[in-house]
Structures are given as structure tokens and as C-alpha cells.
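Trainee: Could you build the full structure based on these sequences and the hints that come with them?
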Amino acid sequence: MSRSRSLFFTLLSVGLTAGTLTTSAQAEVLWSDDFSTDTSGDYTVLEFSPGRDGAIFNYDYSAVGIPDAPNTTDGSTKGVRLFANKPFEDTVGATSAVQFFPTGLDAALEGKDFSVQFDIWMNTNGPMPGGGAGSTEAFMIGVGFTGDFAIEAGNYDGSYFTITGEAGATVDVRTFANESYNGFNADGTPFNVTELDDTVTRPLGTDANPYYHEIFPGGIDVSALDVQGGEDEQIGITNAGQMAFEWHTAKIEVFGTTASFLVDELLIAEVQDADVEGNILVGYADYFASEAGYPEWVFGIVDNLIVSTFGGDGVTGDFDGNGTLDSGDINTLTAAIAAGTSNAAYDLTGDTLIDADDITYWAHDLKKTWIGDANLDGEFNTSDLVTLFAAGTYENGEAAVWTTGDFTGDGV
Numbered sequence: 001m002s003r004s005r006s007l008f009f010t011l012l013s014v015g016l017t018a019g020t021l022t023t024s025a026q027a028e029v030l031w032s033d034d035f036s037t038d039t040s041g042d043y044t045v046l047e048f049s050p051g052r053d054g055a056i057f058n059y060d061y062s063a064v065g066i067p068d069a070p071n072t073t074d075g076s077t078k079g080v081r082l083f084a085n086k087p088f089e090d091t092v093g094a095t096s097a098v099q100f101f102p103t104g105l106d107a108a109l110e111g112k113d114f115s116v117q118f119d120i121w122m123n124t125n126g127p128m129p130g131g132g133a134g135s136t137e138a139f140m141i142g143v144g145f146t147g148d149f150a151i152e153a154g155n156y157d158g159s160y161f162t163i164t165g166e167a168g169a170t171v172d173v174r175t176f177a178n179e180s181y182n183g184f185n186a187d188g189t190p191f192n193v194t195e196l197d198d199t200v201t202r203p204l205g206t207d208a209n210p211y212y213h214e215i216f217p218g219g220i221d222v223s224a225l226d227v228q229g230g231e232d233e234q235i236g237i238t239n240a241g242q243m244a245f246e247w248h249t250a251k252i253e254v255f256g257t258t259a260s261f262l263v264d265e266l267l268i269a270e271v272q273d274a275d276v277e278g279n280i281l282v283g284y285a286d287y288f289a290s291e292a293g294y295p296e297w298v299f300g301i302v303d304n305l306i307v308s309t310f311g312g313d314g315v316t317g318d319f320d321g322n323g324t325l326d327s328g329d330i331n332t333l334t335a336a337i338a339a340g341t342s343n344a345a346y347d348l349t350g351d352t353l354i355d356a357d358d359i360t361y362w363a364h365d366l367k368k369t370w371i372g373d374a375n376l377d378g379e380f381n382t383s384d385l386v387t388l389f390a391a392g393t394y395e396n397g398e399a400a401v402w403t404t405g406d407f408t409g410d411g412v
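Its first residue numbered 1, the sequence shown is counted upward by one per residue in this note's numbering.
Please note that a few of the clues may not be correct.
[Said to hold, decoys possible] Label-pair distances were calculated between CB atoms; the ranges are:
hint, residue 1, residue 2, range
1, G340, N155, 26 to 32 Å
2, A289, D365, 52 to 58 Å
3, G51, A344, 43 to 49 Å
Bear in mind the hints are in silico, worked out from the structure with no lab data behind them. A quick note: this is a predicted structure, and the numbers were derived from the prediction, not measured. Positions of the beta carbon are idealized from the N, C-alpha and C atoms, including for glycine.
Mentor: Right, dumping it as C-alpha cells:
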């Protein structure tokens with residue numbers, strides 16, 4: 001029996017009384033900025049190497065052919081352009097970074113569970129997929145930041161995560177927390193990078209690890225991009241695992257002292273006992289001293305920053321804090337369970353285990369729908385099967401979430 005037919009009969013065997021759950025938004029927005037005007041005066045900007053690093057607010061990224069960000073609602077194409085280790089006067093290249101944060105926001109965050117989210121576009125210099133000289137740079141997202149000084153990627157202040165744009169580092173996903181530096185497997189299991197040896201079989205690079213390929217599918221023809229395509233070796237095709245040249249949404253969720261890092265709702269890494277008391281951090285870093293061959297094409301764009309609390313007592317299971325139980329929440333839950341999360345926020349049943357029972361609880365008890373209701377319309381019928389078969393994950397074995405067929409948290 002094929003996996004698709006097995007799924008069909010499994011779903012037919014599950015039944016419950018479907019109903020409707022009415023919810024109201026309880027999340028509190030602590031900070032929101034679409035950067036469509038010059039709001040630089042509301043932020044503190046820290047440059048590790050002044051002149052080499054920088055943040056340009058109110059930057060119209062359509063000037064370099066970048067479309068509006070996924071969470072933009074008014075068609076604006078203005079955001080914050082970040083750069084690091086840009087050639088400056090007669091100085092030599094050096095590892096470097098820039099960070100910015102809302103001035104005074106730390107007071108509003110104190111004692112709260114909250115999320116930090118923004119849209120991120122990573123640009124890099126070609127030719128792809130290998131990238132040109134000095135192409136490996138990373139964006140930064142963090143919490144618990146004192147903001148006392150600029151931090152280079154590798155120094156410590158609070159808890160922060162980085163991920164490279166063109167997957168050209170030995171370790172593309174990194175965590176800096178509790179005075180330690182870790183590279184992460186796709187399932188969130190940390191390896192101390194200084195202890196990596198030949199016994200490690202799971203690659204840490206996003207290009208080599210299929211876990212990342214759902215959100216970083218690659219296949220972007222750089223030469224066909226608006227404005228930059230074909231300029232200065234901006235050519236070639238991106239590989240799966242490379243996040244550059246398209247928009248993504250980065251997020252940190254803080255529950256107690258657990259900080260989880262997600263991109264496009266996929267759990268990337270997680271730190272327990274994290275230092276979360278302080279401000280947020282948005283930044284951009286160059287791990288390496290080598291300068292980019294064409295620095296004008298190596299940068300990050302940040303847009304639509306929002307910091308908010310969760311639904312509180314209003315909506316249990318509303319992981320994105322938008323006041324509604326929707327596909328984003330159940331996809332986040334199934335992906336977190338598949339990744340082996342230990343974040344207690346996902347323990348909906350309160351049994352100290354984070355497993356398929358929590359998915360069942362979300363669907364049955366909170367959403368009041370059926371297991372197998374892939375499109376969350378309150379019914380399990382042929383429209384759900386059409387949705388699942390169109391996704392094709394039950395045939396090709398690619399990582400799945402609720403809306404593409406994972407109803408147990410096993411990732412398939």
C-alpha cells in the first residue's frame with residue numbers, strides 16, 4: 001500500500017465532533033515598525049567598526065530590484081539596509097558587525113513572554129552557487145541584549161542566533177548564548193563547534209542538510225533578477241539550502257528562559273536557560289576578514305519589525321500571537337515537535353511531554369476540528385486530500401507540516 005493510500009485510510013478511521021472556536025486577540029504589540037519613514041531616531045545603532053559597518057534607515061530597496069517584503073501591506077519598499085566589513089579608506093578587511101535595537105524597549109519586555117519578528121532579505125555577490133570572494137555573511141537576531149557595546153559575531157551579549165545568506169561557512173547556523181558558541185543541527189541539537197570531529201555525521205551547513213531545503217529551496221536564477229542580474233558576476237543558480245535572493249521571515253520566541261529561533265516558521269535552533277532580560281537585537285555580521293569582491297551586492301535588508309507578547313489567557317495554542325488559531329500555529333507546533341523541541345510552550349496537555357498528543361489536543365480541543373483537516377475549514381473531506389496530494393510530501397518524503405500532511409509530529 002502506498003503512503004498516500006495509507007494516509008487516506010488512517011484519516012477515515014479518526015472521528016470527532018467538529019465545532020467552531022471563537023477567539024479574540026489578546027497579544028500586545030510592544031513595538032512595530034514598517035520602516036516606510038525615517039525612524040532612525042527611535043533606535044540605537046552600534047557599529048563594531050565605524051565606517052566599515054552600518055545601518056541605512058528608510059532605504060528604498062526597490063532601487064536594487066528587490067520586491068516588497070512578505071509582511072508589507074501597503075506596497076512600500078523601504079526598510080533598513082545593513083552591511084559589514086565594507087572596504088573603508090585604506091584599512092584592511094576585518095571581521096565585523098552592526099546591530100540596532102529600539103531604544104528603551106527593554107523595560108517593556110521585562111518579565112514577559114514575547115516574540116521578535118522581521119522580514120529578512122540576504123543579498124550576496126556571485127557567481128552562484130559558490131559565491132564570489134568574501135560572500136559569506138550572516139544576519140543576527142537576538143534577545144537579552146544590553147546594548148552597551150557593538151558585538152562582533154563571536155562575542156557575547158545576551159542570546160543571539162546567526163545564519164548565513166549563501167551557506168558558505170562550515171557552520172551556517174550559530175548560537176551565541178550563556179558565554180558559549182554552538183553550531184546547530186537541523187533538529188536543534190547543539191554541538192559545541194570547538195569539539196566537532198569525525199564522529200559527527202550530520203552536516204551543519206544549510207546547503208548540505210535537507211531539513212532546510214523546504215524553506216530554502218534554491219533554484220533562483222541570479223542573472224534574471226531585476227537591476228542586479230548580470231552585473232558584476234551576479235549570475236548563476238542558487239543551491240537548495242541557500243537563503244539569499246528571496247524574502248524570509250525570521251523570528252525568536254521567548255517563553256520563560258527558553259529562546260527558539262525560527263525562519264518561515266521552521267524551528268532552526270533553541271536555547272534553554274537563555275539570557276533574555278534586556279533588549280532585542282537585529283544585526284548583520286561578517287565572520288571573515290576577507291572583503292567582498294563586489295561589496296555593493298553584499299548586504300541584508302530588514303523590514304516589518306514587530307515585537308509582541310503572546311495570546312496569554314485569550315488563545316491557548318496561538319503561537320504567533322495574532323489572536324487566531326490558524327495554519328501558522330499548527331504548522332509551528334508540528335514542526336517544533338518534529339525537530340525535538342523541549343520548549344514547554346508547546347506542551348499543551350501539561351504532561352511534560354511534547355509529542356503527538358499536543359497536536360491532537362490543538363486540533364480536537366482547541367480548534368474543534370478533525371485530524372486530517374489540512375486546510376482547517378472545520379471538516380475532513382476530499383478537499384483536504386486534494387491539498388495533501390498536491391503537496392506531494394507523502395510520496396516524495398520531504399519534510400511536512402500539518403498543512404502538507406504531518407498530523408503526528410514525525411516530520412513526514
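Trainee: Does each hint hold? Answer for all of them.
Mentor: Consistency of the hints with the structure:
1. G340 - N155: 26 to 32 Å: holds, 29 Å
2. A289 - D365: 52 to 58 Å: Since A289 and D365 have Cβ atoms about 55 Å apart, the given range 52 to 58 Å holds.
3. G51 - A344: 43 to 49 Å: holds, 45 Å
The structure is consistent with each of the numbered hints, conforming to all of them.
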